[in-house]
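Asks: So you can see what is in the structure, the chains are spelled out below.
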Amino acid sequence: MRSLFSRNETLVALIIVAFCVVTAIVEPRFLTITTITDLLRNGIVIGIFAIAAMLVLVSGGIDVSFTAIAAFSMYSATKLMIALGVGDQIIVAFLVAAAIGLTLGLINAVFIGTLKLPTLIVTLGTLTAFRGFLLTFVGSQLITNVPPGMRDFARSMIFRGETPGGSFVAVPTATLFLVGAVVLTWFILNRTVLGRSIVAMGGSRESAARVGINVTAMQYFVYGYVGVLSGLAGIVHASLARVANPFDLVGLELQVIAAVVLGGARLTGGHGTITGTLLGVTLIVLINNSLIMLGIPSTWQNVVIGFLILLGTGMPAWQARRRAAASA
Amino acid sequence: MKKIVGISSLAVAVAFGAATLAGVAVAQEKLDIPTVVKISGIQWFNRMEEGVKKYAAESGHNAFQVGPAKADAQLQVQILEDMIAQKVDAITVVPFSPEALEPVLQKARDQGIKVVAHEASSIQNVDYDIEAFKNEDFGAQLMDRLAACMGEEGEYAVFVGSLTSKTHNQWVDGAIARQKEAYPKMTLVGSKNETYDDQQQAYAKAQEVMRAFPNVKGFQGSASTDVAGIGLAIEERGLEAQTCVAGTSLPSIAGQYLETDAVDAIGFWDPADAAIVMNKVAATLIEGGKIEDGANLGVPGYEAIKLDGKVIYGEAYKLVDKTNMKDFPF
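First to last, the sequence lines map onto chains V and F. Using the numbering used here, the first residue of the first sequence is number 8, and each one after it goes up by one. Using the numbering used here, the first residue of the second sequence is number 533, and each one after it goes up by one.
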C-alpha cells in the first residue's frame, strides 16, 4: 500500500483527478464527451513522442532532436509523395518517413554509440543541424495542399458521433498509431532481452557492459527506434493538421520531456514506465487544453503549466529524499 | 549611374565643355533600384518580385529583387553592403529586424543613396517607410466582415500570435473598438488567445473556446496560420454554417478552409503593390520630387496616402472570400 502511494504514477493520477474535479466545479461543461475526444486528438502526437523520449531516458540518455527528425521526415516524405505522383498512397508516406527517421536516428547513434559523445550535446546539435538542412535544402514553404491519401487518413475515424448541440465528435484512426507505439514499446521493454538490456544499460552502463551486453548495439537500436517513431508521428501530425509545415513541431521537445519526467522517468536513467509516461502526457495535454475553461488569462497559462510541472516532478523527488533519510 | 556619370564627366574633361553630353546621359540613364527582402523563395516575396518586375517593365529602370536564402538580419546586412558597393541609386528594403539594419542604412544614406523601407514604421535611417494601412483600421475592416457574417450579433473570440506581437494586438484592438462602437449586440468572450503563430495551437485553442463557450459564433485570427487552425477545428465539428471566421491570412494558407466555408473572410495586403509603391517613391526622390500628404501614387490602395513623419500609410487592404480568392495566387 505504501509503495503504491509513494509511486509517481499514483501522484500524477491524483493530480489529474484533482485538476479535473476543480475544472468541473468551475465549469460544469468540462464533463462532456467532446472534452475527451478533443484531449485524445491533441494527445496523439505528443503521446508518440513521449513514448520515444521515455525509452531514451530509460536507456540512460536524453534526446531532444526527435521533433526535428519528425519535421524532417514528415516534410520530405510529403514532398516526395507529391513528386512521385503517389499522393493517394498513405502507406508510401509512412514508409518513407519511417526510413528517413531511422536514418536520422542512426546518425545520432553514430555520435552517441560509436564516438561515445554525451547524448544531450549530440542531440542538441543534430536538432539544429537537421532543421537547418531541412529548411535550406529540402524546402521552407508550407504545403497546404497535402496529398489526398493524408487527407483521407485524417478524415477516417474509429468512432463518430454527434452531441446534443449538433456538433460532431470523433476519434480519428490516427489514434491507433499511439496505441501501436504503446503496445510495441511495452512489449520490447518488458518482454524481451533487448528491453531488459536497455534498462540495465540505463541503470549502469559499466555493469551492463561487464555482464556482456553490447552497449553500442543497444544505443543504435534505441536511437533508430526513436527515429522511426518520430517519422511516423510527423506524418500523423501533418495529416491531422492538413498541412506539411517544415517549421512545425520543433519546440515541442521540452514539453514532451516534461511529460515523461512527470510520469516518473528519471533523467539519470534506468527508470521509466509506459503507464507513468501516459499519465504525464495526460496531465500536460489536460492542462494545455483546460486553462481557457478555467478562465485563466493567456499571460498566466505558462506560469500555471510551469508550476504544475514543478509540483509533479518535485513531490516525488522530495518524497524519495524523505524515504532515504528515514531508512538511514 | 554614378559609374556612368564618372565616365561621362571624364568625357566632359576630354571633350572640353561638352557639358550637355553628361546631361543627356543622365536623362536617359536607367536607375538601379534593388528591392532587398527578408527571405527569398517564399510565396509572399515571390509575389513581391512580380511587382518589382512589373515596375521595371513599366518604368524602364533596372529594378530587381534580392534576398537571403534564410531570414537572418546579418545576411540581409551583407546584401545591403553589396548594393552600396555596387553604387546603386536607391535601395528599397523589407527589413527582417529594423534595429539591425540602422547602421548599414545610415551608411547608404551617407553616400547619397535613397532608402525606402516597408513594414518598418519604427525605422530611423530611411527617407520613407511604406505601410499598406493603419493597423487599427485594418482590424476594424476585419471586424466589419465578421459582423456581417454573424448578422451583427452573438459571441466572438479573438486570437493573436502572442501578446507581444505589436501588429496582431493593434489589429485585434482595432477590431474590438469597432465592435463596441458599431455592433452593440456582439460580445467578446474570453481574453486574447495566444497561438504562438502555430496552427496546432490555434486549432486546440479554438476547440477549447468552443467547449467553454458553446454559443460562440465568431472568431478573429491574427497570425496567418490562426484561421487555418480555427477552420480545421470548425470543420471537424461540422459547424461551418453556424460559425464565422475572419482574420489575417493568405489564400495559399487558408484557401482550403475558405472553399468549405469554415473560414469566411481573410484580409492581407498585396506585396506586389507595396513593391511598386516603394520603387515609385524611390524614383521620385532620385528625380528630386517630393512626397506629400494626400498624394496619389498611382497604385490601387495608395491613391490618397497619409503621411505621418517618415511613414506613408495607404489603404491597401485586400479582403478576400471564396468568390475572389483565385485573384490572389500567393
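Simulated from the structure, these hints should not be mistaken for lab results. Note that the coordinates shown come from a computational prediction; the quantities given were computed from them, not determined experimentally. There may be inaccurate statements among the hints.
Straight-line distance between alpha carbons at most 25 Å, and here's what the computed PhoX-like set of lysine-lysine pairs gives [to be verified]:
| no. | chain 1 | residue 1 | chain 2 | residue 2 |
| --- | --- | --- | --- | --- |
| 1 | V | 86 | F | 749 |
| 2 | F | 698 | F | 666 |
| 3 | F | 842 | F | 749 |
| 4 | F | 838 | F | 854 |
| 5 | F | 858 | F | 585 |
| 6 | F | 838 | V | 86 |
Derived list of chain F stretches under chain V, where covered just means 3 residues or more per stretch with a C-beta under 8 Å from a C-beta of chain V [claimed, not checked]:
| no. | region |
| --- | --- |
| 7 | 584-596 |
| 8 | 741-748 |
| 9 | 781-789 |
| 10 | 823-836 |
All C-beta atoms, glycine included, are put in the ideal place defined by N, C-alpha and C.
Asks: If a hint holds in the structure, say so; if it doesn't, say that too.
Replies: Hints and how they fare:
1. Restraint check: the Cα-Cα separation between residue 86 (chain V) and residue 749 (chain F) comes to about 36 Å, which exceeds 25 Å; the hinted pair is violated.
2. As the CA atoms of residue 698 (chain F) and residue 666 (chain F) are separated by approximately 13 Å, the hinted pair is consistent with the 25 Å bound.
3. This hinted pair does not check out: residue 842 (chain F) and residue 749 (chain F) have alpha carbons roughly 41 Å apart, beyond 25 Å.
4. As the CA atoms of residue 838 (chain F) and residue 854 (chain F) are separated by approximately 31 Å, the hinted pair breaks the 25 Å bound.
5. Taking the CA atoms of residue 858 (chain F) and residue 585 (chain F), the gap is about 21 Å. The hint holds against a cut of 25 Å.
6. The straight-line distance between the Cα atoms of residue 838 (chain F) and residue 86 (chain V) is roughly 45 Å, outside the 25 Å bound, and the hint therefore fails.
7. Counting residues of the region 584-596 of chain F whose C-beta lies closer than 8 Å to any C-beta of chain V gives 0; at least three are required, and the coverage claim is violated.
8. Proximity of the region 741-748 of chain F to chain V, defined as three or more residues with a beta carbon under 8 Å from a beta carbon of that chain, is established by the 5 residues found.
9. Only residues whose C-beta sits within less than 8 Å of a C-beta in chain V count toward coverage, and the region 781-789 of chain F has 4 of them, enough to reach three; the restraint holds.
10. Counting residues of the region 823-836 of chain F whose beta carbon lies closer than 8 Å to any beta carbon of chain V gives 0, which falls below the threshold of three, so the coverage claim is violated.
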